[in-house]
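Enquirer: Here is what each chain is made of, one letter per residue.
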Amino acid sequence: MNPETNQPVSTAADSTPPPAGRATVPVWLIVLMFLMLYWGALYFDANGGWFSPQVYTPYHSVGELEAFIPRHEGPDIGRGKYLFDNICALCHGPDGAGKPGQAPPLVGSEWVNTPGVNRIIRIPVLGLNGLIDVKGQQYSFPSGMTAVAATRQMMSDEDLANVLTYVRQAWGNKAPPVTAAQVKAIRDQLANRSQPLTVDELKSLPEK
Amino acid sequence: MKYGPLVFLAAFFALAASWCGFVLAPQIQIGRQQQETNMYNPSDLYPLPRPGLARQGLAVYRANGCAACHSQQVGQTGTVADVILTDAGTNPVAVADALVKANVGVSNANPAGLSGGLPKPIVRGVEIEVANATVSALLSAGAKAGVELVPLGPDIARGWGKRRTVAEDYLADDTVMPGSLRVGPDLANVGVRRPDLRWHLRHLYAPTVEVRDSAMPPYRFLFEKKKIELQPSPDALQLPKEFAPPPGYEIVPKPAARALAAYLASLRTDTPLFEAPTAAPPPPPGVATTNAPAGPAPGATNSAAMK
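Protein sequence lines, in the order shown, are assigned to chains B and X. Going by our numbering, the final residue of the first sequence carries number 1140, and the count climbs one at a time with no gaps. Going by our numbering, the final residue of the second sequence carries number 389, and the count climbs one at a time with no gaps.
Only chain X is shown next, with the shape it has when bound in the complex:
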C-alpha cells in the first residue's frame, strides 16, 4: 500500500478529532461536577444519592428497556417572572403609584384592592430585570413583594417538570437513563406526580387500570400469583374485577417490581439550581415561621442607635 502511513494518519486524526469533541470536551466541561446547593436554601445539597432499593430499581429499569419508550429529560424555552405582593404596607396609595410608575403594564392600580387576598401575583410574565426593579420600587413604597420564577416550554406546560433538566440531575446515578423516545410520558419528575408506590405497582401489573389508553405493555412477570394461605398479604395488589386473580389467590410484587416502583417514586428533578432557576418549592407546613426575620426591618433602627 503506497499511501499506508498517510491513510493511517488521516484516519487517526479523524477519530482523534471526534474523540476530542465527544469525549474530552464534555469531560473538561462537566466531568468534575459535584453536589451543588439549592438556589434558595444553601444548606440543602443536591442531588442526594438514591435510597438502596431505588438504586436496585435503576438496574431493573435498565434491564427491562424502559428507556426505550420513556425519556428522563425536560426541555425549557425561556423563563419569566411574576411579582408576588405579600404585604401592601401602610400606604396603599403610594404602593399603587409605584406600581404604575414601574411601567410593567399596570396602568390603573386600585389602592383599595391591593391589600385583599395576599399574597397574590400583581404582575405576571415579565423579564427578571423588570420584576426585580418592580420589587425594589414596591419595597421603597413600604410594601413587601417577592419574585417568583416561571420557566416556560411545552414539556413544562404538560406538567413533566418545574424546570429543565441539567447535568447535575444525573449525578447520583451511575447508569444514566436519559432516553430519547417518548412513546410514554417523560419520567424525570414522575416521583413528584406519582409518589404512591401502590400506584406504580398496579400500573406495572396492568397499565390500563391506571391509565385507560396506555400503550405500555404489562410487566406481569415482575409479580407472582400466590395462593392466600391464612390471610391476604399486606402488599397484595388491589385490582379491579377484570384483572383480579381467581378467588383464593392474590398478586404480590416480586423484589424487582418493588425496587422498580421505589426507583420511579424517587425520580424528581425540581430542586431550584443556579443553572436551572425556578420558583422555590412551598415550605413544609410549620417550618416557615421559625426562621423568618421578625418585624419590619428592625436592623435599620439598630444601626441608627449604634452611630
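Next comes chain B alone, as it looks inside the complex:
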C-alpha cells in the first residue's frame, strides 16, 4: 500500500467535526405524524373488518355481509328443515314417518294438516302426555313428548314458526304456514303453565 495515500489530505482546520447543535423535530412533522396515525386508524376501522375470520377482501365488515342474507317473507322453510332434522327427527324421523307405537307420523297426519294452528303450536311448547290417535293408530311415548320449545331460549318464536311451517308443508303435507305472530300469541297465553298437554285437553280447544 502506498503510504502517501494514507496521509491525511485535509488540513487541520477541516478535520474538526462540526459542532453538535440542538436540532428539535419540527412541530409540523409531529402533527403530520399524528394526523397520518389518525387517518390510518380510521382506514383500518372502515376496511379492516376488525380481524373477523368472516370478512374477506371485497367486503369491509360483518354488517355489510349481513345485508346479503336472503330475506324471507313469512317463515323460512330451509331453516325449519334444519331445526327439524336436528331436533324433531330423532323421534319423528327425517321423513316424518314417526316410530310405530311411540312417535306418531307427521306425514298426512290429521293433527298436522289442519286449517287452523291453535293446537299444533301448543304441542311443542307444552309437550304431550298419553295416548294419541293418528291415522287410525294409537301412539304413546313412554314419558310423553318432551316440550322441545318450552321457552324462547330453547327456540325463538320465529324458529318455532319455521319448524311448524316445514312440518305442515313438507313430504306432501299441504297446510297453511305458521307465523311468528301466531306462535307469540299462544306462548303469551301459556306463559304460566308448565304441565304437559293431554289429548282430551287438546281436543277441547278450538282448531282455529
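By construction, these hints were calculated from the structure, which means they are not laboratory data. Every value quoted in this text rests on a predicted model; they were computed, and no experiment measured them. Any given hint could turn out to be false.
What the hints assert, rightly or not - Listing some non-contacts, in silico: residues in chain B with all C-beta distances to chain X over 12 Å:
(1) P958
(2) A973
(3) A1029
(4) G1033
(5) E1042
(6) L1063
(7) D1065
(8) G1068
(9) Q1069
(10) S1072
(11) T1078
(12) T1083
(13) R1084
(14) R1125
Stated by the list, open to error - Ranges between beta-carbon positions, derived for each pair:
(15) A99/X <-> P1002/B: 36 to 46 Å
(16) A1021/B <-> E211/X: 32 to 42 Å
(17) A978/B <-> C151/X: 34 to 44 Å
(18) Q111/X <-> Q1069/B: 48 to 58 Å
(19) Q1069/B <-> I112/X: 46 to 56 Å
(20) S1088/B <-> L130/X: 25 to 35 Å
(21) A98/X <-> R954/B: 33 to 43 Å
(22) I1001/B <-> K323/X: 46 to 56 Å
(23) I1001/B <-> S197/X: 24 to 34 Å
All residues carry an ideal CB built from backbone N, CA and C; glycine is no exception.
Starting from the known structure of chain B, fit chain X onto it as the hints suggest.
Expert: Frame of chain B; chain X shown alone:
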C-alpha cells in the same frame, strides 16, 4: 462476544414477532373453523370430505407438482345485485309505479310488458341495499320479486368460479394446494366446468387433444399401453388417430391417473357461504315444488282469524 445476550435477544424477538404474525395470529383468527352451513339452505353442511379416490388424487396432484402451474384460488372485486321479478301480481300498473318510485334507474316501466317472460331480471347491477328496498317496494305493490347476487372480478368473468374462495373452502383437505402461479387456468372450480372423468383422463394423456393450444406437458406415465386381450377394456381412452396406440393395443389409466381425475372432478367452490355470498345454485329439477309455500301468504288471513 461482548454483546452476545443482546444479539440473542434481538434475534429472538425478531423471530418471535414474525412467528406471532405469520403463525399465531392466523391460528387465532381462522384456526378453529368448522363446517359451515349453506347460505340459502341451512341443512347443507360445507365442505364435505372428498371421496376416498379423490383424496388419493390430492396426493397425486401434489406429487406431480400440478400446483406449480395451476392455482386454486379465485379473486373477487365486489358484489352487486339483480332484482328478479317472479310474479307481476294482479295490478301491473301499481308495480310499474313502485318500480319507478324505487329510483333504481328505471324511468319508464311499461306495465303491460312486466308480466311477460317471468321470471326475469328487471333491475341489474345495483347495491344490495337498493335491491332489497326495491324488492320490498315491489312486494307491497302486490308483485313477487327476489334478489340475485352477482359477484364481480376478472377471475369470475373468466368463468373460474361463482364467488371468491375463502378459508372454509380448503377445510376438507389436509394438504392445501392453493398455488400461486397461473401458467394454466385456475382449478378451484374445475369440477363444475369439467365433470367428465374421461375428459380429464384424455387431457392428462394428451392435453392438446382437448385444448388445442395447451402448454401442459402430457402425463403419459400415468397410463399404460396394453395389448387388447379378448375385447377392449371399458376404460380405455378414446383418442384421435395421431395419439391412438397401434392397432391391437389400448391406453388404460393407471390407478394414479384415475385418482387424479377423480380429484379434479371433485374440485368445486361454488357453495354460497355467509362470508362469500353468491346466487343460489339452481335447484335440481323436481325438488323445488315440494317445499315451496303454497299460495300467496295464507298466514295473513290465519292470524286475522285468530284474533
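Enquirer: Run every hint past the structure and note whether it holds.
Expert: Hints and how they fare:
{"no.": "1", "hint": "P958", "result": "31 Å, holds"}
{"no.": "2", "hint": "A973", "result": "19 Å, holds"}
{"no.": "3", "hint": "A1029", "result": "16 Å, holds"}
{"no.": "4", "hint": "G1033", "result": "28 Å, holds"}
{"no.": "5", "hint": "E1042", "result": "18 Å, holds"}
{"no.": "6", "hint": "L1063", "result": "28 Å, holds"}
{"no.": "7", "hint": "D1065", "result": "25 Å, holds"}
{"no.": "8", "hint": "G1068", "result": "25 Å, holds"}
{"no.": "9", "hint": "Q1069", "result": "25 Å, holds"}
{"no.": "10", "hint": "S1072", "result": "30 Å, holds"}
{"no.": "11", "hint": "T1078", "result": "22 Å, holds"}
{"no.": "12", "hint": "T1083", "result": "22 Å, holds"}
{"no.": "13", "hint": "R1084", "result": "19 Å, holds"}
{"no.": "14", "hint": "R1125", "result": "19 Å, holds"}
{"no.": "15", "hint": "A99/X <-> P1002/B: 36 to 46 Å", "result": "43 Å, holds"}
{"no.": "16", "hint": "A1021/B <-> E211/X: 32 to 42 Å", "result": "37 Å, holds"}
{"no.": "17", "hint": "A978/B <-> C151/X: 34 to 44 Å", "result": "38 Å, holds"}
{"no.": "18", "hint": "Q111/X <-> Q1069/B: 48 to 58 Å", "result": "54 Å, holds"}
{"no.": "19", "hint": "Q1069/B <-> I112/X: 46 to 56 Å", "result": "51 Å, holds"}
{"no.": "20", "hint": "S1088/B <-> L130/X: 25 to 35 Å", "result": "29 Å, holds"}
{"no.": "21", "hint": "A98/X <-> R954/B: 33 to 43 Å", "result": "37 Å, holds"}
{"no.": "22", "hint": "I1001/B <-> K323/X: 46 to 56 Å", "result": "55 Å, holds"}
{"no.": "23", "hint": "I1001/B <-> S197/X: 24 to 34 Å", "result": "29 Å, holds"}
The structure is consistent with each of the numbered hints, conforming to all of them.
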